[in-house]
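2 protein chains.
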Amino acid sequence: MKTELKEKIERIDRALNEYLPERDNAQSIIYTAMRYSLFAGGKRLRPILMLETAKMCGGSEENVMPFACAMEMIHTYSLIHDDLPAMDNDDLRRGMPTSHIKFGEAAAILAGDALLNKAFEIVSAAASDNAARSLRAISELAKSSGTEGMIGGQIIDMQSEGKDITLDELRHLHLLKTGAIIRSSCVIGAVLAGADKAETDAVDEFAANLGVAFQIRDDILDVEGSEAELGKPVGSDEKSDKNTYVKLAGLEKSKELALLYSQKAKKALECFGEKADFLLRLTDYLTARTS
Amino acid sequence: MKTELKEKIERIDRALNEYLPERDNAQSIIYTAMRYSLFAGGKRLRPILMLETAKMCGGSEENVMPFACAMEMIHTYSLIHDDLPAMDNDDLRRGMPTSHIKFGEAAAILAGDALLNKAFEIVSAAASDNAARSLRAISELAKSSGTEGMIGGQIIDMQSEGKDITLDELRHLHLLKTGAIIRSSCVIGAVLAGADKAETDAVDEFAANLGVAFQIRDDILDVEGSEAELGKPVGSDEKSDKNTYVKLAGLEKSKELALLYSQKAKKALECFGEKADFLLRLTDYLTARTS
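Going down the list, the protein sequences come from chains A and B. Each residue of the first sequence is one higher than the last, beginning at 1 in this note's numbering. Each residue of the second sequence is one higher than the last, beginning at 1 in this note's numbering.
This is chain A alone, in the form it adopts within the complex (with noise of 0.2 angstroms):
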């Protein structure tokens, strides 16, 4: 899985590359600004559960590689927003100087800001057989990255921080900060592949307990993981009192939910047959991932 994950990773990263280049001009230190958090050594999962969605319904790359590419724009963008002095005022991600500590924080608010319409002007300007369709995958993405969706969930983050909650509020707002993105990934993937109303409405039950079964795995590491695979300090969410799956649940119950939910997402896609292998395979190394 990690050889085939990494060949995925290089080809997502050419096409980033492609988008997003280095410019001359008066204003290139915000492309610089913009490169430095996008090629910062993410994942790609929300890029790569767009692109293979997509093929498990008969699209073709070409046609889904803009949007993907914008999507993984929008989670970057998050990011470097999250990590401001206020917001989480964090100094290190990944290992690496923050947005703001690397460029300062006028130059960081604007690499977001153009992070998230760098990936409206991607998806707006890619060539389309299909207008309608590419109309309805860009509602998706600004539906799922606005007030009620990822935007949403940091507001209620934010607003949620020293308080107790409960295991559903909890939920609630991770559907809503993570969640809401690694759904639409896979539904635009099965928009854009042209997949009829079962096969997306399949597709969104899996992303939507996947997001779950994720969560769950990355507080089940912050206490669990190594801190030189997470490239971040381990007990980080403890010692902030952050509201955690494993906070509130208690560690082998986190375990219990972190597997429920992973079954939940897999059998979501039997309906696919062999072609969901990748996207099972997938789910299953997600799980039970250490870093």
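It is possible that part of the hints are untrue.
Copies of the same chain look alike in the list, so a pair counts if it fits in one copy or across any two.
Said to hold, decoys possible - Here are the simulated DSBU-like pairs of lysine-lysine, each with C-alpha atoms no more than 30 angstroms apart in a straight line:
1. 8 with 143
2. 267 with 239
3. 163 with 253
4. 163 with 102
5. 242 with 197
6. 275 with 242
7. 102 with 267
8. 163 with 266
9. 275 with 253
10. 264 with 247
11. 242 with 102
12. 43 with 143
13. 8 with 255
14. 264 with 2
15. 247 with 197
16. 6 with 267
In case anyone wonders, no lab produced these hints; they're calculated from the structure.
Fit chain B to the given chain A structure using the hints.
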């Protein structure tokens, strides 16, 4: 003209209110913050330009309104982020506390992000009888607000602070920072109305020159305007040693230039005959405005 504008502004405000209502959910504060800045007394210049250009080109208001509202949201987000402590650090705008003073810095950053995101939610979800045309209009919107448009101009502006620049460099800065979305407002109106290439080029030429005239008038008002009408202190540009037309070319020459560019703008619309009536009068009004 004032009465005509008031009626148009009310129609735009009603549409904005429909696209961005208050919400009663866990993240309701983000809607409150977005609406606070969106309804802070903006002149709605960009939506008016878009709607009137479309009308001049024979388009329907219904098709254009979602884009007009999206453009105003993009303009508003740029003001919220511009005002942040790390950027211009302004406490007041139009006589009211800025977003980060009212809601805190984290919420202001997210409210800006959310308005940019919402713009693309609205235009991609809008009913379209011509999906290819909608895609092209979204592409114009995204390009003009991005790194080769508004954000690019903000970066250049940031970098030229406290430096001596030439009049040509100042024009280039404004062409991106404020000019790009004034141009695309008009171009999108033409595109959605199905204007041909010659008409779209004429509209672009009009808007490019209007944008310069508008900016010069802004710089003049900072010297000659009245504090009560402007809602901000007069002379603030000089105090902060900002590069303006008045600083680089002098007051008299700036007045000549404003007139020159507004004449060039009007000349570009000759091919539309009397259908251009409103935009011609608007150009005169904006070039002579006192607030």
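Taking the hints in turn, this is what the structure says about them:
1. 8 with 143: both (27 angstroms within a copy, 29 angstroms between copies)
2. 267 with 239: neither (36 angstroms within a copy, 66 angstroms between copies)
3. 163 with 253: Answer is within; shortest intra-copy Cα gap is 22 angstroms, inter-copy 60 angstroms.
4. 163 with 102: between (32 angstroms within a copy, 23 angstroms between copies)
5. 242 with 197: neither (38 angstroms within a copy, 56 angstroms between copies)
6. 275 with 242: Close neither inside one copy (39 angstroms) nor across copies (61 angstroms); limit 30 angstroms.
7. 102 with 267: neither (44 angstroms within a copy, 48 angstroms between copies)
8. 163 with 266: Close neither inside one copy (34 angstroms) nor across copies (60 angstroms); limit 30 angstroms.
9. 275 with 253: For residue 275 and residue 253, neither the intra-copy (32 angstroms) nor the inter-copy (70 angstroms) Cα distance is at most 30 angstroms.
10. 264 with 247: Within. Shortest intra-copy distance 23 angstroms satisfies the 30 angstroms Cα cut-off; inter-copy 66 angstroms does not.
11. 242 with 102: Both, since 26 angstroms and 26 angstroms are each at most 30 angstroms.
12. 43 with 143: Answer is both; intra-copy 23 angstroms and inter-copy 28 angstroms each pass.
13. 8 with 255: within (28 angstroms within a copy, 58 angstroms between copies)
14. 264 with 2: within (23 angstroms within a copy, 61 angstroms between copies)
15. 247 with 197: Neither way: residue 247 and residue 197 sit 38 angstroms apart in one copy and 61 angstroms across, limit 30 angstroms.
16. 6 with 267: Within. Shortest intra-copy distance 26 angstroms satisfies the 30 angstroms Cα cut-off; inter-copy 58 angstroms does not.
Violation of the numbered hints given earlier is confined to hints 2, 5, 6, 7, 8, 9 and 15; the remaining hints are satisfied by the structure.
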